[in-house]
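From first to last, the protein sequence lines stand for chains A and B.
The first sequence: position 397 = 397 (this note's numbering), numbered continuously.
The second sequence: position 9 = 9 (this note's numbering), numbered continuously.
Treat each hint with caution, since some may be false.
[What the hints assert, rightly or not] For lysine-lysine, the following DSSO-like pairs were computed, each having C-alpha atoms within a straight-line distance of at most 30 Å:
(1) 24(B) x 4(A)
(2) 157(A) x 33(B)
(3) 83(A) x 486(A)
(4) 415(A) x 23(B)
[As the list claims (entries may be wrong)] A few chain B residues facing chain A, derived, Cβ under 7 Å:
(5) 2
(6) 12
(7) 17
(8) 18
(9) 28
(10) 31
Read the hints as simulated data drawn from the structure, not as lab findings.
Glycine included, each C-beta is placed from N, C-alpha and C at the ideal position.
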Amino acid sequence: MQQKEFFTSRWGLILSTLGIAVGTGNIWRFSRIVAQNGGGSFLIPWVIFLLIWSVPLIIAEFAIGKSTRLSPIGAIAKTAGKKYAWMGAFVAFVSTAIMFYYSVVAGWCIRYFVSSFSGDLFNTTNHLNYWKDFSESGLPIVYHLIAMAIGGFVIYKGVVKGIEKANRFLVSSLLLILIILLIRAVTLPNAIEGIKYLFTPKLEYILDYKVWLNALTQNAWDTGAGWGLIMTYAIYMKKKEDIALNAALIGFGNNSVSLIAGITIFSTVFALSSTDAMMQISQSGPANTGLTFVYLPLLFSKMSDSTLVNTIFASLFFLALSFAALTSLFSMIELATKTIIDFGLSRKKGILIVASTGFVLGIPSAVNMQFFINQDWVWGVGLILSGAFIAFALIKYGVDKFRTDIINGFGSDIKIGRWYNLVIKILVPIQVIILLLWWLISSTSWDPEWWNPFHTENLGTCLAQWFIVLTSFILLNKTFVNSVLKKEN
Amino acid sequence: MWTILTAVFVIGIVWGGVIIFLKKAITFEKNKKEEIE
Chain A
1 MQQKEFFTSR WGLILSTLGI AVGTGNIWRF SRIVAQNGGG SFLIPWVIFL LIWSVPLIIA
61 EFAIGKSTRL SPIGAIAKTA GKKYAWMGAF VAFVSTAIMF YYSVVAGWCI RYFVSSFSGD
121 LFNTTNHLNY WKDFSESGLP IVYHLIAMAI GGFVIYKGVV KGIEKANRFL VSSLLLILII
181 LLIRAVTLPN AIEGIKYLFT PKLEYILDYK VWLNALTQNA WDTGAGWGLI MTYAIYMKKK
241 EDIALNAALI GFGNNSVSLI AGITIFSTVF ALSSTDAMMQ ISQSGPANTG LTFVYLPLLF
301 SKMSDSTLVN TIFASLFFLA LSFAALTSLF SMIELATKTI IDFGLSRKKG ILIVASTGFV
361 LGIPSAVNMQ FFINQDWVWG VGLILSGAFI AFALIKYGVD KFRTDIINGF GSDIKIGRWY
421 NLVIKILVPI QVIILLLWWL ISSTSWDPEW WNPFHTENLG TCLAQWFIVL TSFILLNKTF
481 VNSVLKKEN
Chain B
1 MWTILTAVFV IGIVWGGVII FLKKAITFEK NKKEEIE
C-alpha cells in the first residue's frame, strides 16, 4: 500500500510525536512518584533511564515505522519475521485497550476544565465530595463520549489537516500554559521549599532499589517508548526525514515537560500548604485522582484572594491537562485505525469502528473505578512486554544491520554509534526482565489471593488477561500475516 | 550543596539536551533549505 500522506515538516512531526509522549502522566504521575521516592534521589536514576530506555526505544519505533510504513502487526512481522506478527498484534492491542480508559481520563480533564472555567469548581469547599459526586454520576460517560468524538474527528481529518494541525496548536499551547503556570508557581512565597525538596537527594533513597525501579517504570510509562504509537506516526514521516535526532528531541522534550510540571506542582503545594503537602502528593487515589482532582482544586482556591485569578489559573491548569490527554488519545485512535486500514478497510470505516467501539468499551471504566484500576494495571504492565517485543524485533533483524541500514540510512542527520547495539541487545532486555518480575512479584504481596483472576490488581488478573490475548493472537498469526502483508504486496 | 549539584545534573542533562538537539535540528533544517534554494 503506497503511503500518500506525510507530515509537512520536521516541526510538524516533532510536535505531533511530542503530543504522544506528553500526557497526563507527565503532570500528575511524575509529581506523585517523585514525592514517594525521595525527590532528588529519584531524579538521578530517572535521567539515566531516559538515556538507556526511552531514547533507544523511541529511535527503534521511529525506524520501524519509517522503514515498514505499516501498523504494529505488519511492522513487527516485516522486521522480526512473519512468525512474530502476533507480537505486533499484542503491541497494538495493549495501546488500544489503554485507549478505552484513557478516553475516560481525557473526559475527566475536560470536565474539570469546564468546571473551573465556569466557576463551578470554586462554589464548593469540599472537593472530595465534588469529585465523588461527579465520578459516581453518569457524567463521566458524557465526557468520555466528548473526548472520543474530538479524537475521532481529528483522526478523520487525516494526518496533515487533523493530527498535525491539532498537535501544532495543542502542544504549543500546552507548553505555553505550562510555562505561564511555572512562572506563577515559582514566584509564590515559600515556593523555594518545594524546589529544594524536588532537587535534594537523600542517600538512603539512592541506595534503595525500589527508587531505581520506579524511575525506570516512570520512563517506560510516560515517554510513550515501546507503546507502538510513535511507530504509527513514523509511518507518515517523509523518507528524507531524520530518525535519531528527532527521537532524542522527543525523549528529552518529554522529560523536560515532566520537570516543568514537577517544579510547578511542588512550588505550589509547598507555597500554599506546608503541613500536609507531602502526604497529599504521595498518597493519591486511584489514577492519581486524589492529587489532581481533589487537592489541586483546593490549592487553586487558595492561590490568591481574587476568585478571578484563581479561576484563570485553575482553568489554565485543567486546559493544559486536557490538551495533554487529548494529544495522546489522538495517537491511540490513529494506531487502532491504521491497524484496521492495514486489514483492507477504508480510513472512514476504520475510524467509525474505532470510535464507536472505543466509546462502548470505555463505558465500564467510566462508571466503575474498580474496572478502571484493573485495566490500568493489566495493560500498564503489559506495556513493558510491548517494549520487549519491539526490542526483540530489532534483535531478530540484527541490531547492527538495523542501525547502519535504517537508523543511519537515508535522511539521517546524526549517526548512531555501536553503543546502540549494546543497549538494545543487553540493557533493554535486562530492564524488561527486572521490571516485569518486580511488578508481578510485588503484586503478590498486596493481595493474599494473588492467583485470583477476578481481583482488581494482582498477578492472577494480569496473567489471565495476557494469556487470553496472547494465545488468541498466536493462533491467529497466519491470518494476520495473510491479511496485512498480502494486502500490502 | 548536593541540592544544587543535583539540580545542575538533572536540569543540565534534560533541558541541556533539548537545547543542544533543538539547535542541531534548526541548523540542519536551515542547511537543507539553503541547499534547495
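Results of checking the hints against the structure:
Between residue 24(B) and residue 4(A) the CA atoms are separated by roughly 29 Å; this keeps the pair inside 30 Å, and the hint holds. A threshold of 30 Å between alpha carbons decides the hint, and for residue 157(A) with residue 33(B) the separation of about 29 Å falls inside it, so the pair holds. Using a Cα cut-off of 30 Å, the hinted pair residue 83(A) and residue 486(A) holds, with the two alpha carbons roughly 15 Å apart. Taking the CA atoms of residue 415(A) and residue 23(B), the gap is about 16 Å. The hint holds against a cut of 30 Å.
Using the Cβ-Cβ criterion of 7 Å, the hint placing residue 2(B) at the interface with chain A is satisfied: the shortest such distance is roughly 6 Å. Restraint check, residue 12(B) versus chain A: the minimum CB separation of about 9 Å is more than 7 Å; hint violated. The interface hint given for residue 17(B) holds, since its Cβ lies 4 Å from the closest Cβ of chain A, which is under the 7 Å cut-off. Proximity of residue 18(B) to chain A holds as hinted, the smallest CB-CB distance being about 5 Å (cut-off 7 Å).
The interface hint given for residue 28(B) holds, since its Cβ lies 5 Å from the closest Cβ of chain A, which is under the 7 Å cut-off. Hint on residue 31(B) is violated. Least Cβ distance to chain A is approximately 9 Å, over the 7 Å limit.
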